[in-house]
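Participant: So the sequences go chain by chain: A and B.
For the first sequence, the positions run 1 to 328 when my numbering is used.
For the second sequence, the positions run 1001 to 1469 when my numbering is used.
By construction, these hints were calculated from the structure, which means they are not laboratory data.
Certain hints may be false.
[To be verified] Sample of chain A residues with no beta-carbon within 10 Å of chain B, all distances over it, derived:
1. L18
2. N32
3. C81
4. L84
5. A93
6. G104
7. L113
8. P139
9. N168
10. A207
11. R212
12. G225
13. S226
14. L265
15. L312
16. S328
[To be verified] Chain A is faced by these chain B residues, among others (derived, beta-carbon under 7 Å):
17. L1058
18. T1150
19. F1253
The beta-carbon is built from N, C-alpha and C at its ideal position, and this holds for glycine as well.
Here's the letter readout for the chains.
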Amino acid sequence: MANHRFHWTPASLVALILTLVPVGLFLAVVVNVAVVSLPAISQVGLRVLFSTKFSNVFSGTYNPGEYGLVPALWGTLLVACVALLLAFPMALAMAVFVSEFSIGGLGHVIEGLLAVFAGIPPIIYALLSIFVLTVFIRPEFAGDGLSEEFIKSLPGLPRWSPGMLPNNLSTLLGGIMLSLLIVPFMAPLILDAIRNVPAGLKEASLALGATRWFTLRHVTLPTAGSGIVAALSLGILKTIGDVVISAWTIGYVKNGLPVPLWNILEAVAPLTSTGAGILSGLQPGATLSVGLDRAVAYFTALLLLVLAFAILGAANLLQWVIRRRLNS
Amino acid sequence: MNMQPIEEASAGRLKSKQDKPIVYSLRLVSGKATSAVSLVVALGAVLSGCLMLVRNTLEIYSLPILVGLCVILQFLFVDVFRQHRSWDYKIAVLSLVVFAGMLFLHALPEDVTGWQINGVFHRSLFASLVLVSSGLPALSISLFYLWGATPQADDISHYPLVLLPVLFALAVYVGLIAQLLVKGIPNLDWGILSKPYFNYDWPLKITVDDGWPTWTAERHSQLGILNHLKGTGLLMLLTSLISLPIGAGAGIFLSEYSRGVFGGIARFTITALRAISTFILGLTALSLAQSMDNTPLAGIFRGTFFNGWGTSVSTGGSFLVASLILSLLVIPVIARSTEEGCRSLPPELREGSLALGASDQTTLFRIVLPWAFPNLLTAVLLGCAEAGGSVAILMFIAGRGDYGVGPLSQVTSLAYLIFDIWYGEKSFRGAMLPYQFSAGVLLLLLTMSLGIAALFLKRWLIKRHRGEG
């Protein structure tokens, strides 16, 4: 009798009313963000989407009303690429290890550890970023510990800044910390996808003489492809939706695109921390912004919402294509 | 599988000294010793490559290791021919690649600049790249031949490829958490835990001086995180109280009655709530807190505090608003988990109950819900951890809790404290900076213990209630 059409009993009525609460609240969230961000479109115009200049009190020449979100969109793309390039192989390897290549009870231990790590809040990773910075990024990328004269004598440096990385903020650091955040989030989802592959398929492949590695490459992973795509899309959404780690490690605002475009050692603030920066007044202890600043901050949230739905839609389409190719 | 006898036969032939002289003269070591040695060297290359990422002085060992790897791969190349009577050109190519990498590293200056990038790349970065990317295939190949080049050896030889990222990730997590403990535990003392933080002017003396009353304010300040701890607990309690009935109801609806159009909408909403950014929810919390300004309800939404004469409205949002928005984050977790629990009920149990004449509702309350109870409890614990650790939602409405903690006072929590120490006022930052890592340790212990409790409680309850492993 499970999952039949709705019919009126007291229990089902209560369940319906309780379900209406999150649906209504979700609608309210969307409508609120859209309504508050209306002035950003009507007053700034479409420049907000196509301009690379973002003017604020810290960006040198202050020109009020210049809100170009192209750097923020580019920063979102960059940080998502870095985080997923690092996190996806690790999450895939963890899922494959736990489900197919486990040694003794190690697979169960790692599964439990993943569940525990998944509960670590983003603020802890933001706090831990200082260790990654001092142990990995500064010695390997920033020329930390080299004298100023020596660094200035090196060829090919466009400009010099103390410690090389301005303010110790960089897209690379943000990407590394975000990848640590999403590995324990994606790995169980990929694991579920691999476990949902029918055992008959794998056994048929093994019985035909294929090795376990061959079975994994040519039977298990292609069949689990749809679930892996879903896990990947949720990982992307978590990456671009996080505000604490990006504010802490990448910073609040970026005027103009990085040079060269793919420079991950520059701090290109993504949409979330740009919005948070505009709203919180861009300096410690400032009062929250009002007026056009507030509208632009809500507009970044609206962009994120649109982006999230686009990614979910694309992932669904891709899943449908994969399933159709498998069935044909 | 059929390669084993051939290999044994060829090994036997070698022992009878009927080889070609050139191969025989190159036979320095016998049996599997070459592949064992190359396994050790390749393992050393991979490990040192990983360690070079965190200690760039280790880079001086990269050239000797690469030389050793290059030489041992050439020995392995000949040895494989000696044993299997076929040239494995992969090994030769890999040896050449190692040699090229060696030359590349030798030619590279210690500090590399260029590509218009505002940074100095240390050579160890390239060294670790070369070491790992050549050490992994070498590890794979030597394992393959050490195991006897059988199909089973093919599986074994791919273990490093799977195991290395896993061990690397675990090492990073364990290293970072250990660093946090080392930094945070020494400053964690009872004095901090038992006192709330406050820092405000309190009017003390009112004196009447030539006709006009004047008062001198005395500054009260105290260090401590008691109110942040209390706030985290209150946030968890309120959030689970709000989201438990709603999440459970939505989960039951999704599993029992969700075939219609509204079922699709509800399912989409639960997915979308999980997918949208916490930043959007933070903005919603701000809007909700601001929505009742200049009305009598402002105190409920904004939070109030006792200012010495009466109550005044704070500039942030109350615990009630924060936990309402936080529950939007927790409801999908509980709903998904409840739905999964209800769906895992064996149909025989439900049909048995219905066949005995029980109504739909009785079946729901007596059979389905008790079955889903372990899932529900786990989800509530995980939701508590989420509520305690979330900063994005409190970002624009939280305060320091100087004036106490209650459902209608301004929201604060341990997670927000860590953020506030970094981005808050200078005086607060200066006073509390030594305790930032201590707060991090407390938050980590809290969320991890909730996660571990959820993990074991679920296993134990499922064993007890459902009688399965």
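Participant: Confirm or reject each hint.
Facilitator: Structure-based check of all given hints:
Against the 10 Å criterion, L18(A) falls within the reach of chain B, whose nearest CB is about 3 Å from its own CB. Against the 10 Å criterion, N32(A) falls within the reach of chain B, whose nearest CB is about 5 Å from its own CB. C81(A), annotated as away from the interface, keeps every beta carbon of chain B farther than 10 Å; the closest lies near 17 Å. With 10 Å as the threshold on Cβ separation, the claim that L84(A) sits away from chain B holds: the shortest Cβ distance comes to roughly 14 Å.
At roughly 4 Å from the closest C-beta of chain B, the C-beta of A93(A) falls inside 10 Å, breaking its exclusion from the interface. For G104(A), the requirement that its beta carbon stay farther than 10 Å from each beta carbon of chain B is met, with the minimum near 13 Å. The beta carbon of L113(A) is not kept farther than 10 Å from every beta carbon of chain B, the shortest such distance being approximately 7 Å. The Cβ of P139(A) sits about 5 Å from the closest Cβ of chain B, inside the 10 Å cut-off, so the non-interface label is violated.
Its beta-carbon lying about 12 Å from the closest one in chain B, N168(A) satisfies the requirement of being farther than 10 Å from that chain. A cut-off of 10 Å between C-beta atoms confirms that A207(A) is not in contact with chain B; the least separation is 13 Å. Its closest Cβ contact with chain B, about 5 Å, brings R212(A) to no more than 10 Å, contrary to its assignment away from the interface. For G225(A), the non-interface assignment is confirmed: its Cβ lies about 18 Å from the closest Cβ of chain B, beyond the 10 Å cut-off.
At roughly 15 Å from the closest C-beta of chain B, the C-beta of S226(A) stays outside 10 Å, upholding its exclusion from the interface. Interface exclusion of L265(A) from chain B breaks down, the closest Cβ pair being 5 Å apart, not more than 10 Å. At roughly 6 Å from the closest C-beta of chain B, the C-beta of L312(A) falls inside 10 Å, breaking its exclusion from the interface. The beta carbon of S328(A) sits about 27 Å from the closest Cβ of chain B, which is more than 10 Å, so the claim that it is off the interface holds.
A hinted interface residue such as L1058(B) counts as satisfied when its beta carbon comes closer than 7 Å to some beta carbon of chain A; here the least separation is about 11 Å, so the hint is violated. With a least beta-carbon distance of about 10 Å to chain A, the hint placing T1150(B) at the interface is violated under the 7 Å criterion. A least Cβ separation of about 4 Å between F1253(B) and chain A falls short of the 7 Å threshold, and the interface hint therefore holds.
Going through the hint list in order, the structure does not satisfy hints 1, 2, 5, 7, 8, 11, 14, 15, 17 and 18.
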